[in-house]
Amino acid sequence: MGIAVEGAHKRFGDFQALDDVSIDVPDGSLTALLGPSGSGKSTLLRAIAGLEDLDSGRVTINGKDATRTPAQKREVGFVFQHYAAFKHMTVFGNVAFGLRIRKWDKAKIHDRVHELLNLVQLDGLAERYPDQLSGGQRQRMALARALAVEPQVLLLDEPFGALDAKVRKDLRTWLRRLHDEMHVTTIFVTHDQEEAMDVAEQLVVMNQGRVEQSGSANDLYDHPANEFVMSFVGEVNQLGDHFVRPHDMEVVLDADDRTAEGLVQRIVTLGFEVRVELVLSDGTEVWAQLTRAELQRLELREGQIAYLRPVQAKSFNGSSPSDPDGASTPLGSHDGGDAGLPAAV
Amino acid sequence: MTPTAPAKWGLRGLAFGYLGLLLLAPVGMIFYKTFEHGFGPPWEAMTSPEALHAIQLTLLMVAVAVPLNTIFGVGCALLLVRRRWWGNGIIDAIINLPFAISPIVIGLSLYLLYGNDGWFGPTLTEWGFQVLFSWPGMVLASIFVSLPFVVREVVPVLQEIGTEQEQAASTLGANGWQTFWRVTLPAIRWGVAYGIVLTTARVLGEFGAVTIVSGSISGETETLPLYVAKAFEQFQEEAAYAGAIVLALLALTTLLLMSVGGRRAKVSSNPVPSVAEVPVPISNTKEGS
Numbered sequence: 025m026g027i028a029v030e031g032a033h034k035r036f037g038d039f040q041a042l043d044d045v046s047i048d049v050p051d052g053s054l055t056a057l058l059g060p061s062g063s064g065k066s067t068l069l070r071a072i073a074g075l076e077d078l079d080s081g082r083v084t085i086n087g088k089d090a091t092r093t094p095a096q097k098r099e100v101g102f103v104f105q106h107y108a109a110f111k112h113m114t115v116f117g118n119v120a121f122g123l124r125i126r127k128w129d130k131a132k133i134h135d136r137v138h139e140l141l142n143l144v145q146l147d148g149l150a151e152r153y154p155d156q157l158s159g160g161q162r163q164r165m166a167l168a169r170a171l172a173v174e175p176q177v178l179l180l181d182e183p184f185g186a187l188d189a190k191v192r193k194d195l196r197t198w199l200r201r202l203h204d205e206m207h208v209t210t211i212f213v214t215h216d217q218e219e220a221m222d223v224a225e226q227l228v229v230m231n232q233g234r235v236e237q238s239g240s241a242n243d244l245y246d247h248p249a250n251e252f253v254m255s256f257v258g259e260v261n262q263l264g265d266h267f268v269r270p271h272d273m274e275v276v277l278d279a280d281d282r283t284a285e286g287l288v289q290r291i292v293t294l295g296f297e298v299r300v301e302l303v304l305s306d307g308t309e310v311w312a313q314l315t316r317a318e319l320q321r322l323e324l325r326e327g328q329i330a331y332l333r334p335v336q337a338k339s340f341n342g343s344s345p346s347d348p349d350g351a352s353t354p355l356g357s358h359d360g361g362d363a364g365l366p367a368a369v
Numbered sequence: 004m005t006p007t008a009p010a011k012w013g014l015r016g017l018a019f020g021y022l023g024l025l026l027l028a029p030v031g032m033i034f035y036k037t038f039e040h041g042f043g044p045p046w047e048a049m050t051s052p053e054a055l056h057a058i059q060l061t062l063l064m065v066a067v068a069v070p071l072n073t074i075f076g077v078g079c080a081l082l083l084v085r086r087r088w089w090g091n092g093i094i095d096a097i098i099n100l101p102f103a104i105s106p107i108v109i110g111l112s113l114y115l116l117y118g119n120d121g122w123f124g125p126t127l128t129e130w131g132f133q134v135l136f137s138w139p140g141m142v143l144a145s146i147f148v149s150l151p152f153v154v155r156e157v158v159p160v161l162q163e164i165g166t167e168q169e170q171a172a173s174t175l176g177a178n179g180w181q182t183f184w185r186v187t188l189p190a191i192r193w194g195v196a197y198g199i200v201l202t203t204a205r206v207l208g209e210f211g212a213v214t215i216v217s218g219s220i221s222g223e224t225e226t227l228p229l230y231v232a233k234a235f236e237q238f239q240e241e242a243a244y245a246g247a248i249v250l251a252l253l254a255l256t257t258l259l260l261m262s263v264g265g266r267r268a269k270v271s272s273n274p275v276p277s278v279a280e281v282p283v284p285i286s287n288t289k290e291g292s
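Protein sequences appear in the order of chains A and B. Under the numbering used here, read the first sequence as residues 25 to 369, first letter to last. Under the numbering used here, read the second sequence as residues 4 to 292, first letter to last.
Only chain A is shown next, with the shape it has when bound in the complex (with noise of 0.2 Å):
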């Protein structure tokens, strides 16, 4: 059950938009195809719900192969970045025109669609035209018309792409809540990697058509596949093979053998935390994330010269940096151990 897609490939002309990928959603979760753009996640998503078609590969939603089955029959509820609103109808009209597609009578609709502007909290704008409303309850709106006919699986296109940081914030955590309440399998898309931890249960990382790595958050953060996903998911810093977080980074005022030396160029301070941005000497550099405290008690300034330490590093070398088979990357970590700083930095 839930969704499942086997070896898909999709080409536009020279572009390579999936390059023989495999995922498997679960039936009620809520995953999140997370990857920069051009990594094929809104193509892949577009594919499932029958609005592109496949080169190869299988679509299967529910059990049912619907590789074939046009959008039009796929029970799909899909919502655009930029709404794609009936701009002629009212908000009571879109909400209403997948139920007048399938007959129903006029009772009915109108019991249905003031439930679902209910539940997306727009009940008081169901005669508004979609001009007179703000992006967010735009996007509620287009929320409610894909649940109205209460499709097999609900398909989001970068849902919060189009709106200011406040408002997706908001939607986010209201999202996350109503999934809670419908368990409707659900898939959306991001290019932002904080959204995607807040309120996906999984993660799949995908880049230049390929899957990366899939799992939880936490899986991705822990244990990264390779390079890719560590620093596509979470900050990173590069020290040679090495790939440490920020918040592994270590600042000291005292060299040992397994620190390396720095110069201290700019020191900022966003709220609760501090970014200390340091060059190292052989030019490299990197930034290490420090609380207010211990910024105190190092007693750190601009231009001075102090000493870095990673608590945790990781090396990805030997390993490719994506699967070949490309299939349902497994969650297995490459972890390259708790390798120290190599002395050569």
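Just so you know, the hints here were simulated from the structure itself, not pulled from any lab data. Heads up, some of the hints might be wrong.
[What the hints assert, rightly or not] Coverage of chain A stretches by chain B, computed from C-beta distances (three or more under 8 Å per stretch; other residues unrestricted):
#1 231-244
#2 254-267
[Stated by the list, open to error] Label-pair restraints from in silico Cβ distances:
#3 96/B - 148/A: 46 to 54 Å
#4 97/A - 163/B: 28 to 36 Å
#5 94/A - 163/B: 35 to 43 Å
#6 36/A - 17/B: 44 to 52 Å
#7 50/A - 96/B: 51 to 59 Å
#8 192/B - 148/A: 50 to 58 Å
#9 163/B - 204/A: 36 to 44 Å
#10 198/A - 19/B: 51 to 59 Å
#11 148/A - 252/B: 42 to 50 Å
#12 205/A - 193/B: 47 to 55 Å
#13 252/B - 126/A: 41 to 49 Å
[As the list claims (entries may be wrong)] A partial selection of chain A residues facing chain B, derived with a Cβ cut-off under 10 Å:
#14 74
#15 109
#16 112
#17 113
#18 116
#19 121
#20 170
#21 173
#22 317
Cβ atoms here follow ideal geometry from the backbone N, Cα and C, with glycine treated the same way.
Since chain A is already given, all that's left is putting chain B on it; use the hints.
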């Protein structure tokens, strides 16, 4: 940079003066001349059997050519914008033909095709169809000259609205036909309406092509523009001016009907201004991925 007040008024004056001299003065002159001696003479001229027949025939041209070109135009625009295939470039070029060719040449080419020595003429005559010097030929000419307007108006609107609304409709279970009637057509209605106005105006005023294929037989194949031209040549100035006025009024009526219909549609889509909400810029960003 904001222009200074004198410059602003100067520019406005120039615009009005230019339009006034080139457009309003000649049209105004016609009105003046027509009603110089009251409503009686033009009324008399326009209620003669020949004039009434000419009006009827002109309206028949509009009634046939405009719906056909509207249906063809919308379908063709959908083909050009929504389906990408190798034939699009050719279709696009062919559609512009009526803009590029002089109507008189269009008339001549129809004459050659449907005349007694033409490709189709003899066969059609055998089957009992009289195309030339009869209304079918005139309808053909009218369709030919006014064919590009709806396509040209609808294509940019279709490009502008994009495909997302149509895709949304399909994920909600709508088939192609339902999507067209419920989503696409309402979204392009302005382009279609404007295309219809232009097509109607063109068919009403068509002279060159129709002159050739109709033979301009008074009371039989004479449309209003032909009637006006003939009246003018025969120094029946009152009839000529009155006919011109009727033509102008017909065109104006179409324009008015469209803008009234359009305004009603617009009012119903904006009943109250946006209030108490964070203004959101309308995003026209096209998605690449």
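Consistency of the hints with the structure:
1. Check result for the stretch 231-244 of chain A against chain B: violated, 0 residues qualifying (beta carbon to beta carbon below 8 Å, three or more required).
2. With 0 residues having a beta carbon nearer than 8 Å to a beta carbon of chain B, the stretch 254-267 of chain A misses the requirement of three or more and the stated coverage is violated.
3. The hint said 46 to 54 Å for the Cβ distance between residue 96/B and residue 148/A, and at roughly 53 Å that hint holds.
4. Between residue 97/A and residue 163/B, the C-beta spacing of about 29 Å keeps the proposed range 28 to 36 Å intact.
5. The given range of 35 to 43 Å is broken by residue 94/A and residue 163/B, whose C-beta atoms sit roughly 26 Å from each other.
6. The given range of 44 to 52 Å is respected by residue 36/A and residue 17/B, whose C-beta atoms sit roughly 51 Å from each other.
7. The hinted range of 51 to 59 Å is satisfied by residue 50/A and residue 96/B, whose Cβ atoms lie roughly 54 Å apart.
8. With their beta carbons about 29 Å apart, residue 192/B and residue 148/A fall outside the hinted range of 50 to 58 Å.
9. The hinted window of 36 to 44 Å between residue 163/B and residue 204/A holds, with their beta carbons roughly 40 Å apart.
10. Here the CB-CB span from residue 198/A to residue 19/B is close to 56 Å, well matched to the stated 51 to 59 Å.
11. Remark: the range hint 42 to 50 Å for residue 148/A to residue 252/B is upheld by a beta-carbon distance near 48 Å.
12. In this structure the supplied range 47 to 55 Å is violated for residue 205/A paired with residue 193/B, their Cβ-Cβ distance being about 41 Å.
13. Separated by about 48 Å at the C-beta atoms, residue 252/B and residue 126/A satisfy the suggested range of 41 to 49 Å.
14. For residue 74/A, the interface hint holds, the least distance from its beta-carbon to any beta-carbon of chain B being 8 Å, beneath 10 Å.
15. With a least beta-carbon distance of about 8 Å to chain B, the hint placing residue 109/A at the interface is held under the 10 Å criterion.
16. For residue 112/A, the suggested interface contact is upheld, since its CB lies about 4 Å from the closest CB of chain B, less than 10 Å.
17. Because the smallest distance between the Cβ of residue 113/A and any Cβ of chain B comes to about 8 Å, under 10 Å, the interface hint for this residue holds.
18. Taken as an interface hint, residue 116/A does not check out: its beta carbon lies about 13 Å from the nearest beta carbon of chain B, beyond 10 Å.
19. For residue 121/A, the interface hint holds, since its Cβ comes within 10 Å of a Cβ in chain B; the closest pair sits about 5 Å apart.
20. For residue 170/A, the interface hint holds, the least distance from its beta-carbon to any beta-carbon of chain B being 7 Å, beneath 10 Å.
21. Because the smallest distance between the Cβ of residue 173/A and any Cβ of chain B comes to about 6 Å, under 10 Å, the interface hint for this residue holds.
22. Against a cut-off of 10 Å between C-beta atoms, the interface hint on residue 317/A is violated, since the closest Cβ of chain B lies about 38 Å away.
Hint violations for this structure: numbers 1, 2, 5, 8, 12, 18 and 22, all remaining hints satisfied.
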